[in-house]
Amino acid sequence: MVTVELHRSQTAARALELQGVSRRFGGLVAVRDVSLALEPGERRAIIGPNGAGKTTLFNIITGELRPTAGIIRFFGRDVTRLPPHQRIRLGLARTYQTPLVFPRLSVAENLYLAVRGVQPWRLSLRRPRAEDPERVEVERLAELVGLRHALHALAGVLSHGEQRQLELGMALASRPRLLLLDEPAAGLSPGEREQLTALLFALDTEITVLLIEHDMDVAFQVAQRVTVLHEGRVIAEGTPDEIAMNATVQQVYLGGT
Amino acid sequence: MRKTRLLAALLLLLLLTFPLWGSAYFVGRIFTPALFFGIIALSLSLLAGYGGMVSLAQMTLAGLAGYGYGYLTITLGQPWWIGILAGLAVATLAALVFGLIAVRSTGIYFLMITVALGMVAYALANQNRSIFGGHTGILGIRAPELFGHSLVERTIFYYLCLAVGLATYGFVRYLAGTPFGLALQALRDDPRRLCTLGYNVALHRVAAFTLSGFLAGIGGLLLVWYNGAISPTTIDLTRLINILVIAVIGGLAYAEGAFLGALVFVLVTNFASSFTQRFNTMIGLTFLAIVLFSPEGLSGIALRLWSLLRRTLLTRVAPSRHTGL
Ligand SMILES: Nc1ncnc2c1ncn2[C@@H]1O[C@H](COP(=O)(O)OP(=O)(O)OP(=O)(O)O)[C@@H](O)[C@H]1O
Ligand SMILES: [Mg+2]
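Line by line, the protein sequences are chains A and B. For the first sequence, numbering that gives the first Met the number 0 assigns the number 0 to the initial residue and increments by one for each residue that follows. For the second sequence, numbering that gives the first Met the number 0 assigns the number 0 to the initial residue and increments by one for each residue that follows.
Chain A with its partners taken away, still in its complex shape (with noise of 0.2 Å):
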């Protein structure tokens, strides 16, 4: 078994690789020389602290912020110095940590744009028909999220809840080859947790996940495996049994004191 894994991961493109990655802020690293290498279809969860520098690595991923050291290799290709939006044309899709949806277009008008957003032409001048491919993407999309009652109610109205199922919806439109989620059962109700791993189950396997979470249920549920983020340090990674074992884990992160 071991030796397929190593076999496989030698042979085809690992969805995600950083190499060496580090971020100053001025006088601070929120993150310090992280690998990390996500095989194609994992399902990887982050952890760490608040201020672990989690949301950091995110934002690197995206290219919403340039790291100061280490290279970024999405499906084989370098994308360190490629902008957000191209990164995200060729298949890479995230969540925030606190929802961010536009206030003031509607359920379907949020979903209809990250529909468009990987296409070209997503500046067309056309107004969309009702038999476009498109719509019925979308109707398709806030079905699988749970949001088909809300389609025409704007973003902004919607509950905390809402607003994640939405998100996820929009990251989903893109029909991304690797999801990242920034706490996604943050603020969520139990009834609402429960529905967000089913969902996350039942995602298609060839798409990759990494995400951040402070909900070990979900995060243990959901992952594989487990990597540990520490003041911007990776300082464990396993399966989320070993992780569960980790001596330093728990001193740093599990409240073992």
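Read the hints as simulated data drawn from the structure, not as lab findings. Treat the hints with caution; some may be incorrect.
To be clear about the criterion: a stretch of chain A counts as covered by chain B if any three or more of its residues have a C-beta under 8 Å from a C-beta of chain B, and this derived list gives those stretches [stated by the list, open to error]:
1) 76-88
2) 95-103
3) 120-134
4) 192-198
Backbone N, C-alpha and C fix where the C-beta goes; we use that ideal spot for every residue, glycine too.
Position chain B with the ligands relative to chain A; hints supplied.
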């Protein structure tokens, strides 16, 4: 919605029949200028209302279209249709260049850069004699003639401005529901989010600015036909600010507001100047009152009155949005 349609139809009917019952003064000197100033202000509504970009260069772009038309038809003696094409091309290209320079900044910095660009154009027009005609500008500009009638004959010109005004207004409203317009509204609210959906935000800003230059150019052609001349005064700082004042009075976020604001502006400048020299003060006070009491402009007031009216006098109608998405 049906009630709103009815109101719009009534308004349209009044506008269409206006020359039949309105005084020549009101048709020619009030409503006609209100329409072409409205079109120039509309180019700002598009940028500011949808895209969150408040530009002070819209009058400059309009003026450049006028200069383009004047230079081609007067200085080079070309036919009017070449003048029109050149005028629109100049405004659009200038907007593209302005856009490339200005779109990296936002908010008040964007505004300041557009003022600076406007002032550069003003200085250029003032100093260059061979093309811009220096301080005097270009005189004796004539509107196109069709079937032996000049397009600036009062009634014809009113209908021309009305038709162009309605067309540009309809276009801007239509734009709201297109991918272009939706993305523009999205970048107003959250450019970063739009970027991580795959959109090139800077490019989109430039495209929107360029489009607004084309619209402003249309208004500029009507303006220069009406005036029969163009000089640097047309694009001086006061005129630049006037367009912002018009759009803000009407309600920066509303396409209707551009025309409403232009009408109020033309009325105030005409009537205030007849009893006081200080009509700038009048405009300033109107502006201040609007900003203080209704940041949404007159459109905001009108909308509130209308919904109040509907709620109290007429049957309830479910709010419905026009994009269909
Ligand atoms: N744009 C920025 N400018 C300056 N400092 C920043 C910036 N973004 C993040 N930081 C700092 O970098 C460190 C890491 O922040 P980051 O948001 O990545 O943490 P996190 O692991 O996501 O934390 P949390 O669990 O609270 O979301 C923090 O100390 C933060 O204050
Ligand atoms: Mg974070």
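Within 8 Å of chain B (C-beta), three or more residues of the segment 192-198 of chain A: n = 0 at 8 Å, threshold three: violated.
Assertion that chain B covers the segment 95-103 of chain A - criterion: three or more residues, beta-carbon distance below 8 Å: holds (count 6)
Given coverage of the segment 76-88 of chain A by chain B, tested with a Cβ cutoff of 8 Å and a minimum of 3 residues: With 5 residues closer than 8 Å to chain B, the segment 76-88 of chain A meets the three-residue bar; holds.
Coverage assertion for the segment 120-134 of chain A with respect to chain B, Cβ distance below 8 Å, three residues required: holds (count 10)
Taken one by one, the earlier hints fail for this structure only at number 4.
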